[in-house]
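Chain order of the listed sequences is A and B. Residues 275 to 400 in my numbering are what the first sequence spells out, letter by letter. Residues 218 to 628 in my numbering are what the second sequence spells out, letter by letter.
Calculated from the structure, these hints are not laboratory results. It should be emphasised that the depicted structure is a prediction, and the values quoted were computed from it without experimental measurement. Beta carbons: idealized from backbone N, C-alpha and C, even for Gly. One or more hints might be untrue.
[What the hints assert, rightly or not] Only pairs whose alpha carbons sit at most 20 Å apart, straight line, appear in this in silico EDC-like list of lysine to aspartate or glutamate: (1) A:Lys362 - B:Glu287; (2) A:Lys362 - A:Glu395; (3) A:Lys370 - B:Glu268; (4) A:Lys370 - A:Asp311.
[Unchecked claim] Some, not all, of what chain A presents toward chain B, calculated at C-beta under 10 Å: (5) Gln358; (6) Lys362; (7) Gly363.
Chain residues, written in single-letter form:
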Amino acid sequence: MPFVLRYGLSKIFALLLCGVAFASVCAAAEKWEVTLDLPPLAVNQFYEGLLTVADSNGVGITGLRLQIRGRMPEHAHGLPTAPQITEKGQGRYSLKGLSFNMPGRWVIEILHDGETVLRQEYTVRF
Amino acid sequence: MSRILISICALVFVLSLIGLPFFHEANAENVHLGWSEDEIELMRRLRLSVEAVADKNRSNELFFREDAVELGSRLFNDTGLSGSGQIACASCHRPESGFQDTESVTYRLNPQAAHRAPGLLGVAMQDWFFWDGRADSLWSQALAVIENPQELASDRLRAVRHVCARYENSFPALLKDCPEISTLPAAPWGASPLVDNENWQKFTAAQRENINKMFVTIGKSLAAFERGVMPPISRFDLYVDALVEGNSVAAKNLLNSKEVAGLKLFLDPMVGCVNCHNGPMFSNSGFYAVATDSPGRRENDRKQGVTLLLNSEFNCLKWGNAEDCPKVQYVQTDTAETAGAYKVPSLRNLRHAPAFMHDGRYQTVEAVIEHYRNPATLPLRHVDIRPAALLPHQRGQLLSFLKALNSDPSN
């Protein structure tokens, strides 16, 4: 299940196809190393974070259009702000405008092409 | 014999080991009346404090100026700011009643008004203004009122001319641009891009800029006055102080057992109130859908507020530096989050409020609590709350806790 969530169903499907299909499909299915660096989180502050995306050889992937999504598993709502992700070069992306106003468990997802490439859980404190 | 002694000794020793943690626990409970460290920390964050007020009003350079406070206080009571010459801010925000609209002037002027007038105690601590948050600063909020046809129903040219005529001599430093205003062509009409655009366009760009600058000074002076509109300390605040000091005798005299039980419910994650009603004003500055919208009617919710905010010529992005306004720059525009959502109001001094929720749909706090127990949710509608499982006696406890947030010590 975590594997499915992390790479998305289509990528897994592409991985299965690798043996018989084109190299480009395989490239898309390659394992990405995605990291998101955030400080300890509390309510009612603005946070910036650094996102990195690299291929399995550790080479940064550029030109991605990444999006962020956040939600509280125990509640119906998502993030109170609309954070923006901008490219910094060499597979580095900066995340700005992240904020929370409800304490508790939050799930933050980074998406590429509508597929989750990173999913992390945080506890936001008062 | 000695064997018996040894085994008794061992028994006592083992018992004391088992008993030790219990003993300590009981001791701690004595000092903190059963509250955990985490709960006390949480309560400290609910204690009244005006620390954040300077930071929240950074875009107002007049905020701490004494002459601005004085001018603002006169303007707040000045009916000359209204188009009719009949009403002032204080008509709808009664200073003697927590700045609430106890006479329902809002609805008398406009029976269809979408929002009731909130009280203003502690308003300078807020991030957003109006129930839909369409203003991002206290000073720009005031400007919207002056030009709102349903409120003061004036326009910026009229307001600026009035203020210069009446106050220039008393506040020469603050109103140093009045001479420029007096050179404008004399005309009986008003002008504003919002309510009188045809006249507004008769002025040159430089003249319009001067008028706007003076108009902003009016808003910033009113905001400087509102800085002093703060709720006094409540019994709850004193209770928190007593807990922090470990003074359980004082604490017990401040809140009775029913109020403490209500406080426990309020902080209980399963009840959830504190998720939204937190911080010194009991509001997390957010916008949430709590099943108070009226589907089918025009919503006047956060969704609409965001559009109005981004269009406002006085929002922080258009009238300031982008770096200073992350809350506008990164404002949530996703309608899945904003539809049916309203600003989380303060819970301090509810006793002054003539009605509750953005549209004043409830007349009593009991009715609000009943709403949380059984929110009228409709299928396919996004709501941020779940029914709070509260027994009748618990609803009473919650109510008595909310009363302990009133500043009047006898309450």
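Against the structure, the hints:
1. A:Lys362 - B:Glu287: violated (49 Å)
2. A:Lys362 - A:Glu395: At roughly 24 Å apart (the allowed maximum being 20 Å), A:Glu395 and A:Lys362 break the hint.
3. A:Lys370 - B:Glu268: The hint is violated at about 26 Å.
4. A:Lys370 - A:Asp311: Holds: A:Lys370 and A:Asp311 sit about 12 Å apart, inside 20 Å.
5. Gln358: This hint holds: A:Gln358 lies near chain B, its Cβ roughly 7 Å from the closest one there, short of 10 Å.
6. Lys362: Check failed: Cβ of A:Lys362 comes no nearer than 18 Å to chain B, outside 10 Å.
7. Gly363: violated (22 Å)
Of the numbered hints given earlier, the model fails hints 1, 2, 3, 6, 7; all others are met.
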